[in-house]
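Once you've looked at the hints, dock chain B against the given chain A.
2 protein chains.
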Amino acid sequence: MHPKQQRESFRSKQYTGTTSGMCDNYLQANMIILPKEYAFEFLLFCQRNPKSCPIIDVLEEGVTTPQIADADIRTDLPKYRIYRNGQLDKEVTDIKDKWRADFVTFLIGCSFTFEKALIENGIRLLHQEQERVVPMYKTNIPCEKAGRFEGNMVVSMRALEPEEIDKAVKITERFETSHGSPVHIGNPEEIGIKDIDNPDYGESISFDKKKRTPVFWACGVTPQNVGLNVKPPIMIAHAPGHMLITDQLEEK
Amino acid sequence: MHPKQQRESFRSKQYTGTTSGMCDNYLQANMIILPKEYAFEFLLFCQRNPKSCPIIDVLEEGVTTPQIADADIRTDLPKYRIYRNGQLDKEVTDIKDKWRADFVTFLIGCSFTFEKALIENGIRLLHQEQERVVPMYKTNIPCEKAGRFEGNMVVSMRALEPEEIDKAVKITERFETSHGSPVHIGNPEEIGIKDIDNPDYGESISFDKKKRTPVFWACGVTPQNVGLNVKPPIMIAHAPGHMLITDQLEEK
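Sequence order for the protein chains is A and B. Letter 172 of the first sequence, counting from 1, is numbered 171 in numbering that gives the first Met the number 0, and no numbers are missing. Letter 109 of the second sequence, counting from 1, is numbered 108 in numbering that gives the first Met the number 0, and no numbers are missing.
So that you can see chain A by itself, here it is in the shape it has in the complex:
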């Protein structure tokens, strides 16, 4: 389905599930909406932490149509999360009645893009084969602070065979708007992950620890996580896995 049609199916609430695997070749994006009062510090945070927060578009205050998608961001994602004072308030399927003229919207690259490139290059991704959401972990790797925004990096993990790792590094480092090369390879404890089978977000995957090595990439959940630390009166984000599908073709 073309992105425009797909987004219309969300707008009409025909479909409200995950966007994983939809609209092949089109860039999907994490979305975070904050009141303008927070916008400068958050944009600076993203600029200082490009691996976790690769900015692909910013909608100035009150703007509801991105440059990279002929969409209305208030209705064209399948599911949204509304956070108040750093706590999840509720999940909704549109945010029309929540919209404010001082809202600034940030669109941030996601790993769907580089996963496709890995598979096309013959690298098997176990979470896809096991039909699970990729496992994500809080780490002890500090992000670079910007104003009130500070916290540690969240990473996603893919368990690879040793001979695939070099290739995976080379492939993903090209995707600057999709988290780039891995931030750690091999030892979960070194980056503060105590139990690889107990991810903080997403789902656990089964893999043979003797045959595969865990490889960690910066994850787009980082800015959401750091945003919540600041406890803004309101922050709106896509529900995990329920991304904005853009009209922009993925970089090759």
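I should point out that these hints are in silico values taken from the structure, not numbers from a laboratory. Accuracy of the hints is not assured; some may be wrong.
[Said to hold, decoys possible] Below, in silico cross-link-like pairs of lysine-lysine (PhoX-like), each with a Cα-Cα straight-line distance of 20 angstroms or less:
| # | chain 1 | residue 1 | chain 2 | residue 2 |
| --- | --- | --- | --- | --- |
| 1 | B | Lys35 | A | Lys144 |
| 2 | A | Lys35 | B | Lys35 |
| 3 | A | Lys97 | A | Lys230 |
| 4 | B | Lys35 | B | Lys97 |
| 5 | B | Lys137 | B | Lys230 |
| 6 | B | Lys144 | A | Lys35 |
| 7 | A | Lys35 | A | Lys230 |
| 8 | B | Lys97 | B | Lys12 |
| 9 | A | Lys12 | A | Lys89 |
[Said to hold, decoys possible] Computed footprint of chain B on chain A; a stretch qualifies when at least three of its residues, placed anywhere within it, have a C-beta under 8 angstroms from a C-beta of chain B:
| # | segment |
| --- | --- |
| 10 | 36-42 |
| 11 | 53-59 |
For every residue, glycine included, the Cβ atom is placed at its ideal position computed from N, Cα and C.
For chain B alone, coordinates are given in the frame of chain A:
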């Protein structure tokens, strides 16, 4: 002289002239200070126009020491310009008594860095040989707008021999924090420059139009120019050519 000592000579007002040619190998930066109310839109403008406005550091509100220089930006530049409502108010040698807790400071790459690389690669720069400030021109090339910040690009011009141009492109495209590759080669009129001998900023240089081709690079005067269009109640910048000398070595 080491950057720290050099900056102390500005702080003590022993020297208040241009920083051109000072502290070889250390990065110099354009500086723009705006009230926080403008900071988000200006940062977004820079991010959308990286060739004109390559951000090398941002100092959050009230902060006076950059990450890339052990300096006090209120005293450690040789000369400052204070603009009010889009008009030059005065030139001063420090801004201690003008400082406000809501000031946000932006440091932006400058072309001193790539000029050095050009010379090291055997390319003669006429404005240096003629001891003039590089000629700069307003163009008809629109910048990408961000909020209230909009306007056309300002470019600097270096007249090169035809066989030097390819090399100059290759050298400068590596300097992403120093304006990168040229934005136009050859025809000044095509980018809205009516008289190459009458620059809008800097000084005119003499060159044989039959033997040399004008090559244009995005220029760090662009953000100052665009900033003034917005007519902020106050905006402070370095005086042209009187840059912040940082402690950071230039990229190679």
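>> Checking each numbered hint in turn, tell me which of them this model violates, lowest number first.
In response: As far as the earlier hints go, not one is violated by this structure.
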